[in-house]
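S.K.: With these hints in hand, go ahead and build the complete structure from the sequences.
Here is how the chains run, residue by residue.
Number of protein chains: 2
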Amino acid sequence: MKAIDDAGMREIDALYVSNMGAAPLQGQLQLGAMMADTIGMRGVAAVRVEAASASGGVAFHEGVKAVASGMCDAVLVGGVEKMSDGLPEELSSAIAMSEDQEYTAYTGVTVVGLSALLHRLYMERYGATAKEVAMFAVRGHENAVGCPHAQYPFRVSVDRVLASPMEADPTHTLECSGVGDGAAAVILVPADGIETGVEVASTAVATDSYYLEGRKDLLEFDAARKASERALNAAGVSHSEVDVLEVHDDTTITGVLSLESLGFVERGMGASYVAGGNTTRGGELPTNTFGGLKARGDPLGATGLYQICEVVMQLRREAGPCQVEGAEVGMAQSLGGVGSTCAVSVLRRA
Amino acid sequence: MKAIDDAGMREIDALYVSNMGAAPLQGQLQLGAMMADTIGMRGVAAVRVEAASASGGVAFHEGVKAVASGMCDAVLVGGVEKMSDGLPEELSSAIAMSEDQEYTAYTGVTVVGLSALLHRLYMERYGATAKEVAMFAVRGHENAVGCPHAQYPFRVSVDRVLASPMEADPTHTLECSGVGDGAAAVILVPADGIETGVEVASTAVATDSYYLEGRKDLLEFDAARKASERALNAAGVSHSEVDVLEVHDDTTITGVLSLESLGFVERGMGASYVAGGNTTRGGELPTNTFGGLKARGDPLGATGLYQICEVVMQLRREAGPCQVEGAEVGMAQSLGGVGSTCAVSVLRRA
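Chains A and B are the protein sequences, given in the same order. Under the working numbering, think of the first position of the first sequence as 40, with each following residue one higher. Under the working numbering, think of the first position of the second sequence as 40, with each following residue one higher.
Everything labelled a hint here was simulated from the structure, so no lab data went into it. Please read all numbers here as calculations on a predicted model, not as lab measurements. There are no misleading hints in this set.
Some chain B residues near chain A, calculated using beta-carbon distances under 10 Å: (1) Asp76; (2) Ser92; (3) Tyr250; (4) Thr380.
Ideal placement from N, C-alpha and C gives every residue a C-beta, glycine not left out.
M.R.: Here it is in structure tokens:
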């Protein structure tokens, strides 16, 4: 309803609902029809889009296609996740469904467990320190201060991060995004005739080996590399033109590898780049400007749409204490599983 | 791979996977990336689309939008369901997730149970007999004879249907589609420059009250009515021009109500229309020409794409013993839950 009020329109042709875990967590399918009915839009075309934790970013991509097709004049893309139902182990098991059940998840490894393998390999191969990697979480919390929609809008010291329990060695609990309920929504319309606002310059989705052991290089998210290339090419935007960036930091190492795989930072340099302050609001590449998955929150199927909303807030200059000055171009990146799917969107101030 | 071989092309821009129950049944999410990897298309944009048992029809609609958007030149839409895993009660519970868990499914009612309420009301309001309604199943089985991909390609007498156990009074077991594994896929490309083949004249999706008690009239699938109107208008096709029709008969009454809600038969007359032989291959409105959900099979997330493939086979005149002579226009209709979502597609021989 906030998105509808903001857009000042109620005529919607199609509804995309992104959600990851309602079947295992709430026993609920067909969220498209359910949401249409719930928000008083009974009758509208509605569908659920799912790509694990990339669901929100991918749904945005589908919404953009719907408008571009000429078959829709106004599309609502809404993401939702209710993670607070059920026991922690049920939640862990639902999240692990983003990995192959027969060859990976059945071993009992969690998604953070897989990510932790990359974390260790990264430190070993590039000589990055635990502290440098952990700084990704610290930067997120710094940015979240003053953000009304952030789950954890307060600073956390790197010592506190490193003193928190091991979630999966070498990844500490405070290096992982938390558990939370959340929803985010956007409305997409054709850009013709619209003079001010935010324009979708491009969106792209790519996939990688579904199994970590099938990757050419464990430390490059090939789906992120491909989606970034496709989106930047389609938008005619270069890396240096991106003023705000939202990346998928469900763990610190995932955030670091995303920065590198998207092509913003040289490989092996992501952790020190972040530790050095380059991703802060006043830095070279303001990243996760409302706290990212770590501090703003990570309600799975909604996360990718939080990112889009945040980029829109930045480009509209409505980001309040989180505002990046003069932001003209923003990018959002969302990962499904440990990088099996990646959605990248580039938005521009019109 | 059959679709790819048939199309003679391997360059695909996007993959849509329709699936309903892999999370509850196999503990598996993110089937887009999984399928892309499995069929050797790692890297391609991939997403799962879900609208319960309408997933296949809705995914087709999304695939059409993707091509129409100009963002994709070739799209693979594939549906899959593996219903044979797990215990019968686990399957029933997974299927019930298409209804609202907090207000409907929690009571223990199954989807067939809800459908049975409509079945009884239909007989009471319109004076239709149990035998007339059951004839929908008999007609399906007649049509399935000789169909290589049908699950039950043999005749079943109406007496046998009515002698089968009650699944949910007054709906008999042999009035319900069975349990089966299956997959179906199509490839969509722009029609420009293609002289022969099958053209997508239109697709449409609509929704209805998510809760049966919210319906204006329990005996009209409003989503089917809306989707049919939208699709026929967009295609510029009238009801009488439809040569082959595939409807969603997960129970006999659902098939009957679909015929009526789509606008082909006057309300209250669907059962006697079918009993009278009008939907046979040589009849006025050849319907479920390979057996429908009842006899061809109903692998949930794949079912809507089976329908599309079957319409294509008819329009290409490749339906073998199931061929409807001179078929030029076909329609497929897929329902999610007890009519909460409906997808309708109109195809034309080019």
